[in-house]
Amino acid sequence: MKGFATKAIHCGAMKKDVHGALRVPIYDNAAFEFESARAIQLAFEGRSLGHSYTRISNPTVEDLEERIRLLTDARGVVAVSSGMAAIANVILVLAETGGNIISTRCLFGNTYSLFEHTLKPWGLGINYIDLTEADNLKRAINEKTRAVFLETITNPQLQVVDIAKISKIVAGFNIPVILDGTVTTPYLFRSKDFGVAIEVISSTKYISGGGTTVGGLIIDNGIQDWSACPRLKDTAKKYGPYALIAHLRREAYRNLGSCMAPHNAYFQTLGLETLGLRIDKSCENALALARFLESRREVKSVNYPGLKNSPYHELAKNQFGNKFGGILTFTLADRKACYKLIDGLTIIRRATNINDNKTLILHPASTIFCEYSEEEKNELGVPSNMIRLAVGIEDSEDIIDDLKKGLESL
Amino acid sequence: MFIMVNGEKQTVEGSETTISELLVLNKVSMPDMVSVQINGQFVDKKDFVTKKIAEKDEVDFLYFMGGGKAL
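Sequences listed follow chains A and B, in order. Letter 384 of the first sequence, counting from 1, is numbered 384 in the numbering used here, and no numbers are missing. Letter 67 of the second sequence, counting from 1, is numbered 1067 in the numbering used here, and no numbers are missing.
Among the clues, some could well be false.
Below, in silico cross-link-like pairs of lysine-lysine (DSSO-like), each with a Cα-Cα straight-line distance of 27 Å or less [what the hints assert, rightly or not]:
| # | chain 1 | residue 1 | chain 2 | residue 2 |
| --- | --- | --- | --- | --- |
| 1 | B | K1052 | A | K7 |
| 2 | B | K1045 | A | K233 |
| 3 | B | K1027 | A | K233 |
| 4 | A | K300 | A | K404 |
| 5 | A | K192 | B | K1027 |
| 6 | B | K1052 | A | K16 |
Keep in mind that the hints were calculated from the coordinates and are not lab data. Quantities reported herein were computed from a predicted structural model and do not represent experimental measurements.
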């Protein structure tokens, strides 16, 4: 099997179903029974394979994890309750009080909030630098740096950085790159080939099949020596290259209760099978919408890496196989105009998700970034006259027509 | 020879048994997903085919994940 779709549909490592079901059923139970006291002891000690409790592992969730692992050629995958849970788990495993991570201010709003409001008070340093200049890392990394965190296409700034160059620099310091690949997924971007140690994904987005369920993924690409990570060196003595996955599974993920619900895993596995089809269509639609918006006098600017005037166009083209994702932003005269446009639409939905089957519209400054001051919003690249469109897979002419009517009413 | 596998005494014929062979003898599920320790020391996967078990060795097969048995 070579093709992405074939693997997504046919890969998996599950037992044959007792009824011959072609799809792994939803094992929506909490506990699993063992044949003897000795058998349950071995499972708890990690000396045998076996599901014991769904907070730790579950057959339906494992089916999703194994498919993602085989699709990405990863060392291991852990499915979690959300994309934010994926980021939080990874940072908590790699870093400690007094340590630091390096990132950029061009981040998803909740990720920035996790760093600033949740992790900083526990004593983790966050050093924000401009990652469009990869060489900045050479000055920023110090002996307390535990990871570098970035996104493939930042949301909502739509900034693209040279990931291979960043990974090469970071590898020289023997620390991992953590990449949020939510808006590209392994279909558009094979992070392992670009030197990324860990990819985190909000599978709520593209992978869930259309905003069906919330979930997240942690992918260990298997290229990092975990014995060099202070938090993982003891685990590495026992589990070697599997230290990250083992530490998550047997400690952080288990203790934080970050498990993905089996019901959600079922939907996300189903969504994975049609991922390529849906991403292709949403990227095609996003480009069509970006070009339409560029042509309108009511629109002050359009930001989409697929447009040739984007400063990130060539880089994105090379990194993501000539596809540019399903998110674009544009600016109008002011916030009032943004609200009027949003309220006048009839097909495009007013909602905060991205990569749904439906095209969704949002005013980021008053929603995802509402907890920040105007000054911070500007620093984060979220001005008050900006609208985000998360483009779906409808017929593009209908979405364009909806926007056209809205713009004409301004 | 006598060895301990996952805390239980086991008899292995001869003195040339490798970790790979021991995994097969013990019908270990998903050997790609198992981590092996001998006397508390992690053994690199690439050494499974060459590393031989010695008398009285304490061998542990450790899974880093929960999970069901594959086909």
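Cross-check of the supplied hints:
A distance of roughly 37 Å separates the Cα atoms of K1052/B and K7/A; the hinted pair therefore is violated under the 27 Å criterion. A threshold of 27 Å between alpha carbons decides the hint, and for K1045/B with K233/A the separation of about 18 Å falls inside it, so the pair holds. Among the hinted pairs, K1027/B with K233/A is inconsistent with the structure: their alpha-carbon atoms are about 30 Å apart, more than 27 Å. Under the criterion of a C-alpha separation no larger than 27 Å, the hint pairing K300/A with K404/A is consistent with the structure, at around 15 Å.
Between K192/A and K1027/B, the direct Cα distance comes to roughly 32 Å. Violation of the 27 Å bound is thereby established for this hinted pair. Among the hinted pairs, K1052/B with K16/A is inconsistent with the structure: their alpha-carbon atoms are about 35 Å apart, more than 27 Å.
Of the numbered hints listed earlier, those contradicted by the structure are 1, 3, 5 and 6.
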